[in-house]
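Peer 1: Each of the two chains sits in its own frame; use the hints to bring them together as a complex.
Given next are the chains, with one letter for each unit.
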Amino acid sequence: MATFFGEVVVAPSRAGLDEEEEAREETPEDREIRRELEKKRCRRRGEIDVLWTWRSGGRAEEPLVCSRFIVAIGRNAAAFLSSFILDSVCWEVVGVVKLWNEWCRTSSTTNVLPTDSFCLFYRLISDPTVLLCQCSCYVAEDQQFQWLEKVFGSMQKEGLQVTILSTCPVADYKTQESTLTLASPFLKALKTKEFQEQVCCPLLEQPNIVRDLPAA
Amino acid sequence: MFVPCDRGGLSAASDFEGFTLLMPAVSVGNVGQLAIDLVISTLDMTKVGYFYTDCLVPMVGNNPYATAEENSTELSINAEVYSLPAKKLVVLQIRSPFIKNKYRPFCETLLSWVKSSKCARVVLLSSSHAYQRDDEQLLGTPLRYLLTPDLEKAVGGLMQELNWKEMEKVAAYPGINDTDKVLHIPGGGITKLLFTESCSKGIQMAVLLKFCSEGDNIPDAFLLVNYLNEWLQLIKSEVSTSNNSTDPSSQWKIPSSWRLLFGNGLPPALF
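For the record, the sequence lines run as chains R and D.
If you read the first sequence in the working numbering, its first letter stands for residue 4, the second for the next number, and so on.
If you read the second sequence in the working numbering, its first letter stands for residue 282, the second for the next number, and so on.
Worth flagging that the hints you see were computed from the coordinates, not collected in a lab.
Honestly, I wouldn't trust all of these hints.
Said to hold, decoys possible - List time: in silico DSS-like cross-link candidates among lysine-lysine, alpha-carbon distance up to 25 Å:
(1) D:Lys-369 <-> D:Lys-399
(2) R:Lys-194 <-> R:Lys-153
(3) R:Lys-153 <-> D:Lys-396
(4) R:Lys-101 <-> D:Lys-383
(5) R:Lys-153 <-> R:Lys-101
(6) R:Lys-194 <-> R:Lys-177
(7) D:Lys-450 <-> D:Lys-462
(8) D:Lys-462 <-> D:Lys-446
(9) R:Lys-194 <-> D:Lys-383
(10) D:Lys-328 <-> D:Lys-368
(11) D:Lys-399 <-> D:Lys-446
(12) D:Lys-328 <-> D:Lys-534
(13) R:Lys-101 <-> R:Lys-177
(14) R:Lys-196 <-> D:Lys-328
(15) D:Lys-381 <-> R:Lys-153
(16) D:Lys-517 <-> D:Lys-368
(17) D:Lys-381 <-> R:Lys-101
(18) D:Lys-383 <-> D:Lys-482
(19) D:Lys-328 <-> D:Lys-399
(20) R:Lys-177 <-> D:Lys-534
(21) D:Lys-369 <-> D:Lys-534
As the list claims (entries may be wrong) - Quick list of simulated restraints, FRET-style, between CB atoms:
(22) R:Glu-161 <-> D:Leu-356: 16 to 24 Å
(23) R:Lys-153 <-> D:Leu-541: 31 to 39 Å
(24) R:Asn-79 <-> D:Leu-356: 47 to 55 Å
(25) D:Pro-386 <-> R:Ser-110: 28 to 36 Å
(26) R:Leu-206 <-> D:Pro-549: 23 to 31 Å
(27) R:Ser-110 <-> D:Thr-348: 45 to 53 Å
(28) R:Arg-34 <-> D:Ala-550: 48 to 56 Å
(29) D:Pro-386 <-> R:Thr-166: 28 to 36 Å
(30) D:Leu-513 <-> R:Arg-34: 39 to 47 Å
(31) R:Ser-169 <-> D:Ala-550: 25 to 33 Å
(32) D:Pro-549 <-> R:Asp-33: 52 to 60 Å
(33) D:Gln-441 <-> R:Ala-174: 46 to 54 Å
(34) D:Pro-549 <-> R:Ser-169: 27 to 35 Å
(35) D:Gly-438 <-> R:Glu-105: 48 to 56 Å
All residues carry an ideal CB built from backbone N, CA and C; glycine is no exception.
The shape of chain D in the complex, shown without the other chains (with noise of 0.2 Å):
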């Protein structure tokens, strides 16, 4: 599945033993690929390799990061794979929707692929609908997070540390019978059957979601980003001197595909 760049003499590109996974579940909004979008851009990732894979919608584009008219020609596919050996970081950025029935081979692939490489954790990304949150739900912090129990042990009360809200659990037949509470991630996408079969394989997989709607989902991805921050450390937060908080909203760097993501100019004939 993974296919490594041909980056001449650096092997060590694809060694990925100990190395965080960082990656998006395709969700309501897109905001854990615009997260992601977020980390690569501003950390300057190096691209390692793709996945090639027949799971996924292709898709071809320039490189989605550039900078300069030199680094504005390489070209980026729907699932690449981006690395920073200094913070022990391998980002997965997923591009296109899955093709129909092809999610669960998906998973299971890319399981087995973080098991081969030896990732220590997998940290995903992900969003569910905030018309589906219950009364407490509405109130307070939209941001929640999932441990499965090997990942549990290792950083359980960190998150509590943090304040951090973990994802509620569900009625399995509301109104019928309250007892059997299950997970429900509605609009999360794939996040649900990674993060059950991570827990049945022993892998260790947080997942970090936002409640949010389709739109403008640019600030549900800071804020997502700004969350992942609070524990990974990816970015200093500064303090901002203005008004004495610590926003590192700014220190995000929004790469270059993202204009135009509401439409073209206006015709001027329009006027």
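Extracted from the complex, chain R is given alone in its bound form (with noise of 0.2 Å):
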């Protein structure tokens, strides 16, 4: 779709939905090798595992005790905590993500590099209440309640601050002026209402949206 200027807009099927009735045109042969392959697709991709390593068995019995969890989602996000918060005299892997999906696959190693794709939680040694997440890998749009339903699940979430950590392309921050003319990169936030604290930047202004694993 073309906007007022000419620049391309992606505007994918709105009608939101695979036109599944189309399908009734398919063979049972057909309809048998597309179910076979959902199946594969869901077997390998489905499930997400939420692994901690400090407890026997390397799966959380009791929830953990969080005051402060950081989240950092997408590899800038994870490059900033590597570069400038994570250390190994401060900081202990507590916990790995592993999942499966088209894009990304982790592992369950905690040993990982900078380009790998990981899922990994740290928990600082001076106090065990403060934890962090960096999250370099995509999580799919399928996968996203899933890994917040597992990830918080395993937390006791009374008096939990959450910060999350994220980055967005410039060119999709929308501004009454052009985004070539912004001074980048920018801080913009959003808060829920319980938040009280000074926030560090302007809030991010409608019509501007955040969508995926943050929004999530």
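Peer 2: Structure (structure tokens):
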């Protein structure tokens, strides 16, 4: 779809539904093949595993007591944490998420390279209620809810403060001026009304939105 | 599925017994959703809760109906419920597409919620691909309606008075056999599924839809919301003194989030 000026904007099917009625035209063999492909995809891609390393058996039985949880989503945010926050003296790895989708696969190893896709959890040794998550892998839209439930399901949520770090391309930022003249990078924030502390940057203006795992 | 907002003493905020539930289908041109935005924005409806669901792509932003600095910082997500008890109206707005293979579970959960919250009826705003119209549909009004049998008994007569056109059924096997007719709403998203499920579950549902194409769908949204208004009378259509016609388009308030729908400003270096 072209905008008034002519720049091309991606407009995926807004009906939001694969026209599955069209599948009635398939032969039974086609339908069987499609179903098998779907099953294989679901089998490989379906389950997300959150493995907590300090527990025997790798799975947390009791909820983790957590006061602050910082989540860095995407390679840039993960790199920020690696460069400025994480070190092997103050932080220890306590968990890993194992998942597979068409874009990336993470493993259960905690010894990762910066170029790998991974999702690791760290705990501050001096204050074990401070947790950090580096998620450089892409979590597909049909896995985001499961990720959320499994990660937050392991935590005691009373008094928990969550900070989510993420990046978006400047070209996606909607503003009256052209994004070419904007000084970038720049920070914007969204906060719940329960967050009473001072925010370090302006709030994200309408009509900009955040999607995918940071939104979830 | 439905999570009420914590509004202090307003426990009645999530009591929808006897209310009309107005909601969009995510469909071609997003016309239903745009029309719902106009309703929520114009009637200044209060948010009373949201749907906690894994069926829709997650998204979050600041209040899309903000009118001033003070009310612009409330977070807004992909499926939220607004209410206006004075008009016995509850509105669901859906702001993102369905995740693959999740639209059926969503429809089932939604219809159970409709039954459990005892809504009197559901009005679904939707749209359908204009290019799929047949020769007859190309002429006349692009607006259509559908009523489930239970609602037909209640308001069928009113539709006749309003001179509304019912959505035509099409041949199930065109060219081969023209006697078997089925409902076909291409580009309508979950419209057909919700409608057929409501028919079988005895839920009173009306579908109001417009034939349209992708593009600037704001005029389509206005046409659809005015169509809805002919029936539900949500706002008064004042007679315009300049051309003596009843065109309530100017009385619908466009929300602030409709800014910049077609891209940012131009780089000055271009000229």
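Peer 1: Hint by hint, say whether it matches the structure.
Peer 2: Evaluation of the provided hints:
no.: 1; hint: D:Lys-369 <-> D:Lys-399; verdict: holds (12 Å)
no.: 2; hint: R:Lys-194 <-> R:Lys-153; verdict: holds (23 Å)
no.: 3; hint: R:Lys-153 <-> D:Lys-396; verdict: violated (31 Å)
no.: 4; hint: R:Lys-101 <-> D:Lys-383; verdict: holds (23 Å)
no.: 5; hint: R:Lys-153 <-> R:Lys-101; verdict: holds (11 Å)
no.: 6; hint: R:Lys-194 <-> R:Lys-177; verdict: holds (19 Å)
no.: 7; hint: D:Lys-450 <-> D:Lys-462; verdict: holds (6 Å)
no.: 8; hint: D:Lys-462 <-> D:Lys-446; verdict: holds (17 Å)
no.: 9; hint: R:Lys-194 <-> D:Lys-383; verdict: violated (28 Å)
no.: 10; hint: D:Lys-328 <-> D:Lys-368; verdict: holds (15 Å)
no.: 11; hint: D:Lys-399 <-> D:Lys-446; verdict: violated (29 Å)
no.: 12; hint: D:Lys-328 <-> D:Lys-534; verdict: holds (17 Å)
no.: 13; hint: R:Lys-101 <-> R:Lys-177; verdict: violated (35 Å)
no.: 14; hint: R:Lys-196 <-> D:Lys-328; verdict: holds (14 Å)
no.: 15; hint: D:Lys-381 <-> R:Lys-153; verdict: holds (21 Å)
no.: 16; hint: D:Lys-517 <-> D:Lys-368; verdict: holds (13 Å)
no.: 17; hint: D:Lys-381 <-> R:Lys-101; verdict: holds (21 Å)
no.: 18; hint: D:Lys-383 <-> D:Lys-482; verdict: holds (20 Å)
no.: 19; hint: D:Lys-328 <-> D:Lys-399; verdict: holds (19 Å)
no.: 20; hint: R:Lys-177 <-> D:Lys-534; verdict: holds (21 Å)
no.: 21; hint: D:Lys-369 <-> D:Lys-534; verdict: holds (20 Å)
no.: 22; hint: R:Glu-161 <-> D:Leu-356: 16 to 24 Å; verdict: holds (20 Å)
no.: 23; hint: R:Lys-153 <-> D:Leu-541: 31 to 39 Å; verdict: holds (37 Å)
no.: 24; hint: R:Asn-79 <-> D:Leu-356: 47 to 55 Å; verdict: violated (23 Å)
no.: 25; hint: D:Pro-386 <-> R:Ser-110: 28 to 36 Å; verdict: holds (31 Å)
no.: 26; hint: R:Leu-206 <-> D:Pro-549: 23 to 31 Å; verdict: holds (27 Å)
no.: 27; hint: R:Ser-110 <-> D:Thr-348: 45 to 53 Å; verdict: holds (50 Å)
no.: 28; hint: R:Arg-34 <-> D:Ala-550: 48 to 56 Å; verdict: holds (55 Å)
no.: 29; hint: D:Pro-386 <-> R:Thr-166: 28 to 36 Å; verdict: holds (32 Å)
no.: 30; hint: D:Leu-513 <-> R:Arg-34: 39 to 47 Å; verdict: holds (43 Å)
no.: 31; hint: R:Ser-169 <-> D:Ala-550: 25 to 33 Å; verdict: holds (30 Å)
no.: 32; hint: D:Pro-549 <-> R:Asp-33: 52 to 60 Å; verdict: holds (55 Å)
no.: 33; hint: D:Gln-441 <-> R:Ala-174: 46 to 54 Å; verdict: holds (52 Å)
no.: 34; hint: D:Pro-549 <-> R:Ser-169: 27 to 35 Å; verdict: holds (30 Å)
no.: 35; hint: D:Gly-438 <-> R:Glu-105: 48 to 56 Å; verdict: holds (53 Å)
Hints 3, 9, 11, 13 and 24, counting from the list given before, are not met by this structure.
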